[in-house]
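Q: The lines below spell out each chain.
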Amino acid sequence: MSIPILEVVDLHASYGRIEVLRGVDLTIPKGAVMALLGPNGGGKSTLTKIISGQKAPTSGHVHLAGVNLRDAAPEDLARVGLCTVPEGRSVFPNLTVEENLTLMSYAGVPAEAVLETAFAYFPRLLERRKQLAGTMSGGEQQMLAMSRALASDPALLLLDELSMGLAPLIVDELYETVAQIAQSGVSILCIEQFARTALRVSDYAAVMTGGRIVATGEPEEIMATMSDVILGGAA
Amino acid sequence: MSSFLAYTIFGLFSGAAYAIAASGLVLTYTTTRVFNIAHGAFGMVLSYLFWDFSVKQGLPIWLSLVLVLFVVAPAIGWFIARFVAKGLGEAPVSVSLVVTVGLLVGCIGFATQVYKPEARTVLPFFPETSFSLGETNITAHQVITILASIAVAVGLYLLLNRTRIGTAMRASVDNPELLKLFGGKPEAVATLSWMIGISLAGLGGILLVSTVGLDTYSLTLLVINAYAAAMLGRLKSLPLTFLGAMGLGLLSSYAPVYLPQEGLIGSVDNVVPALFLFIVIVAMPQAQLRIGQVKGIVSAPLPSLPKALGWGAALLVFVALLSGTASEANLLLVGTAATYAIVMLSLVLLTGYGGHVSLAQFTFAGVGALTYAKLDEPNLYGLLVSALVAAGVGALVALPVLRLTGLYLALSTLAFAAIMDKMLFQADFAFGFNGTLPAERLSILGMSITSTSGYVFVMAAFFVLMAFALLLVRRGVIGRMLIAMRDSPAACGTLGLDMRWFRVGLFAASAGMAGLAGGLYAGLRQSVGAAEFQFFNSLPLLLLAVVLGVTSVTGAALGGTGLMLLYNYPDAQGLLFILIAVGAVLLGRNPNGLAIYLFRLGNWLQGRLGPVLLSRLPALPADDERPASRNDDSVVEEDETTVTSTVVAGRPAGEPREVPAHVAR
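Chains A and B supply the protein sequences, listed in that same order.
Per my numbering, the first sequence starts with residue 1, numbered consecutively.
Per my numbering, the second sequence starts with residue 1001, numbered consecutively.
Worth double-checking, as some hints may not be accurate.
[Unchecked claim] Label pairs and their calculated CB-CB ranges:
hint : chain 1 : residue 1 : chain 2 : residue 2 : range
1    : B       : Ala1188   : A       : Gln131    : 26 to 36 Å
2    : B       : Asp1174   : A       : Gly16     : 25 to 35 Å
3    : A       : Asn40     : B       : Thr1494   : 19 to 29 Å
4    : A       : Ile170    : B       : Ala1188   : 51 to 61 Å
5    : B       : Ser1003   : A       : Gln131    : 28 to 38 Å
6    : A       : Ile170    : B       : Leu1472   : 20 to 30 Å
Derived by calculation from the structure, the hints in this document are not laboratory data.
Computed from a predicted model, the values in this text were never measured in an experiment.
Idealized CB from N, CA, C, for every residue including glycine.
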């Protein structure tokens, strides 16, 4: 078996005195799409913050393609191929579409190539290249954010709450893009509260609640056994 | 007509230099959200260095220029970005402003220490060369300045809009965390912008120094022009900043020539930049209401009533002892410290509780002093009228700037202070140009206090009374509203609180307190002049108030003492600068200033030594807390700790003690 792209071992983390992660173990095989589901306050977003280097764990390890990520800065991780799309609108509202795309070239792909890929996938962005990103609709902003995932060819893509505040139709469109990215061989960790949408595109699923992973398995299995937790909102 | 052309050329020249300086200011602000009050001071220091290299050391002009602008200035910028300004963009305005005010005081301190006053001249570039333009001449230096400003404008435009690092500079303002996830480095970006910013401050200073002269204060104050220009571009737009700088340059060049020279209008040309700044800020559109942050600010502890009474009495006893022994000159200094402390008390109300930063407190004190001297009623009635007049002026200032918050409010009060200082205070009906007014010592209920020692004691009593009143206000409904409005104006808006008139009242109350201090000061000195209420002095005042603790009465007492020492004891200056530097760095962690550490020390000592002392002195359980927390009598302090040892307070141990949520433990 090849080295998993992401391996989280017994991860603990806290905000001040409040412990939010209590021993998380999670493995994502290379090229797989993993959906991480669970109710609010389960620690999903904290987990992404630690993987992307924005927050330090209190104990435990994160391995990216077999390399331990202790004390790695988020900008360095981004440059070696970890693409994180955080919660909310992950674009710079006061920069134009084109300038947003230019900044994506920090991930190692030339700016021209980024522009080309983004405009090929989303012709709408080409129409709006001189427009400030903050003045576009939510769906369009999320397209712009996804362009980074598409164009930078990451080793691992972290998607945090892609659907937040968007119309269901647009969420479906976005997940089609996620599926396309997955087909190109990118490993994805996808955090989502719309469980059904996320499970449609994923190979595996994990359920997180109370700071632990309580179940992992195939999407159908999870849907069958854990639906009360992920849909009923056991928070 | 030819003279008009000559003034135009001069205006364009100075406008170009302002534009260079202002664009540096805008660059650092847009990328780091830190408004560098010390921008002009850095230009001043770099101009001195340029003089040092080119005249004193005799290096070639071009080499000195390269050394100053491309080695020293970037090094300073790197240092500031790395060690001083880091994380400051997120801090409350009072903190980020104060840290740069600290830099300004440091720069002036450096310049006055290293370059003792003597005649220094810096020649313009190519002094012999000039070109004729019709009937007037334009010097090579002026041409160089105008060309340099164009080069800076184009260079900055290209940097910010055409390069990736420039785009990252603008992106880091929007969301530095996201920039990291993109792979950019916000710290590197901020460092670069500070390096360029300081370098541009230096260039602006060096280009102007041959006209302005190598003078510490006038070079530093040139920055008001840069502030004004930058404000026209709302600290964002570089083209508007350039337009503002050029317009301001032309205005200040025309004003002395084409405005009438008599009366109050005649002094308008002194305040063109300040007036421009004030008008531009007042005309700015309404900012959005700030929504409070979840993490909030830890408040300074509020003293219990007996504690406050005890420490107030202790302070009075201390001052009484002091006034019995100290010499006349030293007594005047103690009185000055009391004045500063009362003015700082007005800042505790406005900035500490209310969250608004004012840079005009000394001006309000000046209004109070002026009224007291003019009224010639040396009694409580006169003092009250002085305070009321100052309060009225404060309300008048608050009205046009009602919509402003944070930095804009602070700068508008600075502009107002400059206008008052240069126009009103020096007018014939006020103090007169360089003049002073006589004032008499206060008499209370027919009892005249003529001795300095008695007067100083009365001033201390006023401080204690006002501090006590302030604490009572803080405990009541008004205090709660103040804190609520400071923490989340948006939430208060949704609760239906009318914040506008409340704010006018707050400003008036604070100005009234400062005015009272001014009146007392006039009586102390028995003659007052405009020189003692220069607008510039409000900057160190704010600095010391915030560094020592603007959220507590103790901070005001300590700050007043510190400010007096800073001005009058050159020996203590070194130590004070270290204290200020440490305090300013600590502000980033706790905005309550050094006073909070004093309280913690007091608590800690009480927790550690209290029980030990108690066990040794079983007969005197109530009197042994003071020596524990007060081991340095040279510092006038008034402890505010609420957390008393349960045994000392006469409460049986184990009985739960109610501690309000805002009391830090």
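Q: Does each hint hold? Answer for all of them.
A: Outcome of the hint check:
Checked against the given bound of 26 to 36 Å, the beta carbons of Ala1188 of chain B and Gln131 of chain A, roughly 28 Å apart, stay inside it. For the hinted restraint 25 to 35 Å between Asp1174 of chain B and Gly16 of chain A, the CB-CB distance of approximately 28 Å keeps it satisfied. Taking 19 to 29 Å as the suggested C-beta distance range, the pair Asn40 of chain A and Thr1494 of chain B conforms, at roughly 24 Å. Between Ile170 of chain A and Ala1188 of chain B, the C-beta spacing of about 36 Å breaks the proposed range 51 to 61 Å.
A hinted range of 28 to 38 Å is violated for the C-beta pair Ser1003 of chain B and Gln131 of chain A, which are about 50 Å apart. Separation of Ile170 of chain A from Leu1472 of chain B is about 57 Å and departs from the stated range, judged on CB atoms against 20 to 30 Å.
Consistency note: the structure conflicts with the earlier hints numbered 4, 5 and 6.
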